[in-house]
Structure formats: structure tokens, C-alpha cells
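With these hints in hand, go ahead and build the complete structure from the sequences.
One line per chain: the protein sequences are A and B, in this order. Here the first sequence is numbered in the working numbering, starting from 1 and rising by one per residue. Here the second sequence is numbered in the working numbering, starting from 1001 and rising by one per residue.
Quick caveat, the hints were computed from the structure, so don't treat them as lab data. Bear in mind that the values here come from a model prediction, so they are computed numbers and not experimental data. Even glycine gets a Cβ: it sits at the ideal position worked out from N, Cα and C. A portion of the hints provided could be inaccurate.
[Unchecked claim] So these bits of chain A aren't anywhere near chain B, every CB distance computed over 12 Å:
no., residue
1, Val9
2, Ile82
3, Phe124
4, Ile142
[Stated by the list, open to error] BS3-like cross-link-like pairs, simulated, lysine-lysine; straight-line CA separation at most 27 Å:
no., chain 1, residue 1, chain 2, residue 2
5, B, Lys1100, B, Lys1117
6, A, Lys261, A, Lys276
7, B, Lys1127, B, Lys1117
8, B, Lys1055, A, Lys88
9, B, Lys1055, A, Lys84
10, B, Lys1127, B, Lys1100
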Amino acid sequence: MEALIQQVVAGLANGGIYASMGLALVMIYQSTHHINFAQGEMAMFSTFIAWALLQAGWPYWGAFGATVLISFAGGLAIQRIILKPVEKAPVLTNVIVFIGLLVIFNSLAGWIFDHTIKPFPSPFPKFTGAGKLISGHDLGSIAVMLVVLALLYSFLRFTPAGLAMRAAAQNPESARLVGIRVSWMLGVGWGLSAAIGAVAGMMVAPVVYLDPNMMGGILLYGFAAALLGGIDNPWGAVIGGFIVGVLENLLGAYVIGTELKLTVALVLIVTFLTIKPNGLFGKAVVTRV
Amino acid sequence: MARLLEVRGLTAFYGETQALFGIDFDLEEGGITALLGANGAGKTTTLRALCGAVKMRGSVRFADQAIEGRATEDIARMGVAHVPDGRGTFSALTVEENLKLGAYTRRDRAGVAADMKRMYARFPRLKERRAQQAGTLSGGEQQMLAISRALMLRPRLLLLDEPSFGLAPLMVGEIFAILGEINREEGVSMLLVEQNASLALELAGHAYLLETGAIALSGPSAALRRDETVRKAYLGY
Chain A
1 MEALIQQVVA GLANGGIYAS MGLALVMIYQ STHHINFAQG EMAMFSTFIA
51 WALLQAGWPY WGAFGATVLI SFAGGLAIQR IILKPVEKAP VLTNVIVFIG
101 LLVIFNSLAG WIFDHTIKPF PSPFPKFTGA GKLISGHDLG SIAVMLVVLA
151 LLYSFLRFTP AGLAMRAAAQ NPESARLVGI RVSWMLGVGW GLSAAIGAVA
201 GMMVAPVVYL DPNMMGGILL YGFAAALLGG IDNPWGAVIG GFIVGVLENL
251 LGAYVIGTEL KLTVALVLIV TFLTIKPNGL FGKAVVTRV
Chain B
1001 MARLLEVRGL TAFYGETQAL FGIDFDLEEG GITALLGANG AGKTTTLRAL
1051 CGAVKMRGSV RFADQAIEGR ATEDIARMGV AHVPDGRGTF SALTVEENLK
1101 LGAYTRRDRA GVAADMKRMY ARFPRLKERR AQQAGTLSGG EQQMLAISRA
1151 LMLRPRLLLL DEPSFGLAPL MVGEIFAILG EINREEGVSM LLVEQNASLA
1201 LELAGHAYLL ETGAIALSGP SAALRRDETV RKAYLGY
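Okay, structure coming up:
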């Protein structure tokens, strides 16, 4: 029984990270209706920036805050400079650009920061509470992630700018007719997503250690989380993330063995796309024909 | 009355295909002008060209400022509200969110709140459905929503693209009556694109007739209603 609880708790801890990745993906999807395949590598690169600041002597939360801001600006810049020319291009063109960004960020990180594995500090106290079930860092990351989610949800749901972003994503033509600067909305969407990704990267690095390939598997779990929860639903991404984390651990421990853990994520992705594309919590949008 | 809208030599293209061949027309402040014509005459294209949503050339002056070549969102911010064909509703958002978006560029929160109240008073059906997903509204209700959303901008000029399209005659009568009211009571000038010529000529003071991308006829509505060709081809008697 205790082993089971341990697996579940470990799954929840991982799930927090997957949820953050899923959240970043949903964020970009909500504002641009595109899936950003470079999300993981951007998050990894942001974490390297944080690492560099820490190496230069910055205090942890200062480096954290600066990294989030830099990532926001970077995401915005990428959208304005690289993605704007392909805004009206077919989906496939955009996908290729995202994959290109994925490769570029991965290589750039390796080139600038080299491929040796680096430790990354955790800002949370090292207690092993509840009988060694969950670590201080795990609790801390979940808390941080929930705060990010709450801020994001409030922004999208309750502020005029958030409403404008949702409108610009759903119907850019009509959004222009009411005076919304649609291009800038897309940029802000990317900025927010990059910032969320940076937070996720900084939360996962202490656990898996920092290297350019840190986020590869995690991105996949993030996809599974986002699809499970419904690609247009931030809450769904979070709940999806926890479910994926727990499922992965339980299935890995009791059913299929640890080597096929990543396969769980892939199977989930395919299953949901086939059977319930809107995910558990996504809304099927009704349109009159 | 001063000219609110002055259009000279407007041409428009869809890719390589030319859809408008140099049209001229004016709109007086406070008036309602109709743009009539059959399917494919270029009426919707004209409205799109005014809003910068389609490749165009020529001169368009709104409130004495040149707006040709400007971005759609900037033209909207100048006070031109466009109710597009197909209504352009944000179907996944609620009725109330749609209305809020209409007022997105305004800074006067009290004014926006007062205008929302007025829209709900004028269209009680929208008030009933304020939290409902806009895509689930009936055709007539979506048209009311589209017009209300455009009015939330407090525009000087309202562009309407076939407001009668797909609606039952009773509903169309209701909507046109309300348009007339809005024009009289709030002084909103309107450019009305319509296939339904008799309705449009009743509402508008002045009209232009478009045929394959060029203006074939123009004049006060009363004159057009009496014109032989218009009667036979567009009014059915």
C-alpha cells in the first residue's frame, strides 16, 4: 500500500511539471491556434539563461524573475520577427517553422552552454515531510505552478486584454473589425507561453539536471496533458498533467515496466485524438451551418 | 451637411481578379445610403475595400482623413463599425463577451456600461441570452448581436452588409425599423449594402446601384424607386 501511495505522489510531482508544459502549449494554442513544437526547447534555453545568471552571482529569485521577463520578451520577439511572415501561410508551413526553432534552440544551447550535465538549484527548503513521501521541491513546484495557472486563468477570463486575446485567436477578422491589433495579440500569446515554459524549465531542472536534451521527453508528456485536458482549456491541461503523471508512474510500476513509460504518453495522445479530440474538459464549439 | 465619406476611383482585387472598376460615391453625415445590386455586383467587396480588408486602390476619405491603405483595426478605431456578411460573431464566446469586445477600444467605462444597458433595452432577446454561447443564437438574434456589437464602438459610420440575409420577413422588418430608429435618435450614419432593394430604398435617403463592379445608377431613393430599370430588375414590378 505504501508503495502505491509513493508512486501516486511521485506521479503528482511529475504531473506538476507536465501540467506546466501543457499549460504553455494551451496558452499558445488559445492565442494562435497553433501548437508550438519548439515549446520544450525554448523552456530549456530559458533555464540555461537562468543558470548563466546564477553563475554570475545573481540571487535565485532575482534570476528567476529576470528569466521570466527575458523569456516573455524573447517569445514576443520570435512571434513578431519569425512568425509574422508566415501568419497567413498554411498550417504545415508554421509547423515546419516550429520544428526549425526546436532544432535551432537545441543546437544553440549546446553550442553556447555545452552539453555537460549541470546541476540547477531548487529554491525550496529540503524537508522530507509526510514520511518521505514528497520533497520540499515537489511541493514547491506544484505551488508555483498553481499560482501561474491562477494568474493566467484570471488574465484570460477576467481582463479585457485576455478577452481580446481569445477573440483574436478564434476569429482574427472580426477581432480586427472591433479594433483589436491582432498581430500584437499573437505576440503577447507567445510571450506568455515562453514565460510559462521558463517557469516549467526552472522547476524541472533541479530534478532531471540541466542539459540541452532535458525537455525532450517532457514536451511529449506536456502534449499528452494538453490533449487529455482539452487543447483549449488551461484547467484541463493542469488536471491532464497530473493524470498523465500518475498514470505514467502507476502503469510503469505495475503494468508495463519503466522502459515503456514514455509510450504511455504517446498512447494517450493517439487515443484522445482518435476517440475524444476535445479532451476531457474541452468544449466542442457549436457553430451554425 | 458635411460629407462623412468620400470615395473616388475605388478599385479592388481578389488576387489577380479585379472586382471593382473605379467607383465614386459619397455619404452625408447623419444619412443612410444604400448600395444595391445583384449577387456578385461588388457590394460586399466595396465594404471590404473601405475597411482595408481587401487589396484596393483609389481614394477614400472618412471625416476628411484619408483612410485608404490603413489597417482594418486602425480604421475601426477611427469610428467605422462594420457588420460583415455572415455577421462575424465570436461564436465560442458569450453574448455579453461579444458586446464587450465591441467596446474594446473605448476608454470611458461608464459610457460603455450605459451603452450595454441600452443594447439590452433595445434587444431584450439578447439580454435573456447574455451568458449563452453566441454561436447557439438564431439567425435573427445573431444579427441583432452583430449590430449591437458594432454600435458598442459608438461609431460615426455603420457599414451593414446584407442585414436581411437569411432572416424571416417579420424579423427583417423589426431590424430595419430599429436601424431607422438608431439613425434618427443617435445620428449614426449608415452605409447599407442590400440585395433586398425595396427594403433598402425605404430606409435609405440616397442609393447607388452597382453592376459588375461599376456604378450604374445613383440618386435619391424616391427617384430610384420610380426608375423603370430599377423597378423591373430589382423591385419586381
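Do the hints match the structure? See the list:
Consistency note on Val9/A: stated as away from chain B, and its beta-carbon is indeed over 12 Å from all of that chain's, at 37 Å minimum. Listed as outside the interface, Ile82/A is consistent with that label: its C-beta sits roughly 21 Å from the nearest C-beta of chain B, beyond the 12 Å cut-off. Interface exclusion of Phe124/A from chain B stands, the closest Cβ pair being 39 Å apart, more than 12 Å. The non-interface label for Ile142/A is consistent with chain B: the shortest C-beta to C-beta separation is roughly 30 Å, beyond 12 Å.
Only pairs whose Cα atoms come within 27 Å are accepted, and Lys1100/B paired with Lys1117/B is accepted, the gap being roughly 12 Å. This hinted pair checks out: Lys261/A and Lys276/A have alpha carbons roughly 22 Å apart, not beyond 27 Å. Note on Lys1127/B and Lys1117/B: the hinted pairing holds, with a Cα-Cα distance of about 9 Å set against a maximum of 27 Å. Simply put, Lys1055/B and Lys88/A have alpha-carbon atoms about 15 Å apart, close enough for the 27 Å limit, and the pair holds.
For the hint pairing Lys1055/B with Lys84/A, the CA-to-CA distance comes to about 19 Å; that is within 27 Å, so the pair holds. Between Lys1127/B and Lys1100/B, the direct Cα distance comes to roughly 13 Å. Compliance with the 27 Å bound is thereby established for this hinted pair.
Violated hints: none; the structure is consistent with every hint.
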